[in-house]
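So the chains spell out like this:
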Amino acid sequence: MSELDELYQSLILDHNRAPRNYHALDDATAHAEGRNPLCGDSYEIWLRLDGNTVADAAFLGQGCAISKASASMMTQAIKGRTVAEARALFDAFHQLVAGSGRAEALPAKLRVFQGVRAFPIRVKCATLSWHAMKEALDRSGSPA
Amino acid sequence: MAATLAVRSGVPWDVARVRADFPILERRIRERPLVYLDNAATAQKPAAVIEAIARYYRSGNANVHRGVHALSQEATLEYERVRELAARFLGAGSAGEIVFTAGTTAALNLVAQSYGGQILRPGDEILVTEMEHHSNLVPWHLVAERSGARIKAVPVTESGGLELDVLERLLTSGNVRIVAVTHASNVIGAINPINAIAAMAHAAGAVIVVDGAQSAPHLRVDVAAMDCDFFACSSHKLYGPTGIGLLYGKRALLEAMPPWQGGGGMIREVQLERSSYAPPPERFEAGTPPIAEVVGLGAALDYLLQWDWDALVAYEQDLAAAAVRKLARIPGLRILGEGADRVSVLSVVLDGIHAHDAGTVLDTEGIAVRAGHHCAQPLMRRFGVPATLRVSLGAYNTHDEIDALVGGLRRVREVLG
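As you go down the protein sequences, you meet chains X and R in turn. Under the numbering used here, the letters of the first sequence match residues 422 to 565, in that order. Under the numbering used here, the letters of the second sequence match residues 3 to 419, in that order.
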């Protein structure tokens, strides 16, 4: 597979075309925006926390295929997890795309983002919504 | 206006010869020849510029204006020679109307802070346009906040021109002091009729500040003929080094303006409690200037002044027209402000494909374009797009490279669907 095909795998293109959990969350308990002022990508993330669990997650926004697919798959990945697990996923995902982490630390689906490593300028696209998710957790007062 | 641009020259532009002057064009990116279509961001440098900078540091380095020794005198002579060259290049009446700045952004900030800061009062108005680069908006926002002046904007038409009747109407308020307008859009390439806008501004008692960053590399600039009060441009888009730019200002305006930054080199006399200032342009050049960059700019201007600009303009216009024609045939592709008279800069959007993804695919083909909002968020909003893919062509680009771009965009569709 070429670096390009690895970056734009069919799973990523599918989530870009038909993003999951792509709506606002009326009963959200945590919310944050992720903006990249350099490129104009912009997302809103909503979380509904039930005790220590991320009971629901959703997003809206616009940006490139990498950022949108990443947001979409992130909402799927953290739903039903504990806050601590969501934070651990953030760290593992960040390390995967930034080039130092092992893919095994992540659920299989999220490993498709390993292709971002070959395009360092796109790391910020892949992590934009993840940073917003972390900020939403921080702001909600959830344990670090 | 297109007719006046398509000046036919006797001798056609020799693009192969120009390409040979730019060492970087031999580079390969991901095993393909570099196709550099990002000239509006920064242009590549001819060997003459690269060598002039190296030669200066190797055998000519000294500070200017203050030394009695041979090297300092040489550096000073060269520094002031470049000011003369810049005046010639821009059509200024004298070198005393040319201020060296860090770039277009610094030049526009200088005018906003010094000229704007001095004259603006609460209720005064500054006119900008919807197609300005952030660097011709934010400096005005800053001075407006401090002075109580208000900003009003001239809209852009669907075809990429300015609503000149709105401009005319805004000028009738009697409160407009400054009209800040770009000569050519950094996003869609549209050329604005500066002569006409300057006449309208002057009739209303306002000065006109022209952002020439994108026009100076493509058009024969004549600040005197345009009758603009201020004109700003950057060396690095003119095939020269980064870190240096030019501000042209009418002599009488510069003389009445207070200093922008204080320091060495801009003073007449300094006491402990107060100082008096040197005349322009030195008044606006505090501290050790970027001397090597000025030397490099001098080499670039020497190079540009040898060019047959009629041939260059005809060539770039032909290249841009071919790009528009060939790109417009790609299904699902839209050219913003397609009908505009333009310098060789244009922006496209692809149905269902974000500019960044397209830019990444093109990069793997060795094609360098820019994807994003191009520091022109109001214009993005005007056209209802989050980002565009910008193609900007320079003196060394070829028709083959346009074809490579068209092929690259086909690959974009294959990869991203």
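It is worth saying that the hints were derived from the structure and are not from the lab. Here a beta-carbon is modelled for each residue, glycine too, at the ideal position from N, C-alpha and C. Treat the hints with caution; some may be incorrect.
Distance windows between CB atoms, simulated [said to hold, decoys possible]:
(1) Asp447/X / Glu165/R: 27 to 33 angstroms
(2) Pro35/R / Ser423/X: 16 to 22 angstroms
(3) Ser561/X / Ala49/R: 47 to 53 angstroms
(4) Met422/X / Asp16/R: 40 to 46 angstroms
(5) Ala445/X / Ile31/R: 57 to 63 angstroms
(6) Thr400/R / Ala505/X: 56 to 62 angstroms
(7) Gln430/X / Glu340/R: 30 to 36 angstroms
Against the structure, the hints:
no., hint, verdict
1, Asp447/X / Glu165/R: 27 to 33 angstroms, "violated (41 angstroms)"
2, Pro35/R / Ser423/X: 16 to 22 angstroms, "holds (19 angstroms)"
3, Ser561/X / Ala49/R: 47 to 53 angstroms, "violated (58 angstroms)"
4, Met422/X / Asp16/R: 40 to 46 angstroms, "holds (43 angstroms)"
5, Ala445/X / Ile31/R: 57 to 63 angstroms, "violated (42 angstroms)"
6, Thr400/R / Ala505/X: 56 to 62 angstroms, "holds (57 angstroms)"
7, Gln430/X / Glu340/R: 30 to 36 angstroms, "holds (35 angstroms)"
Violated hints, in rising order: 1, 3 and 5; the structure is consistent with all others.
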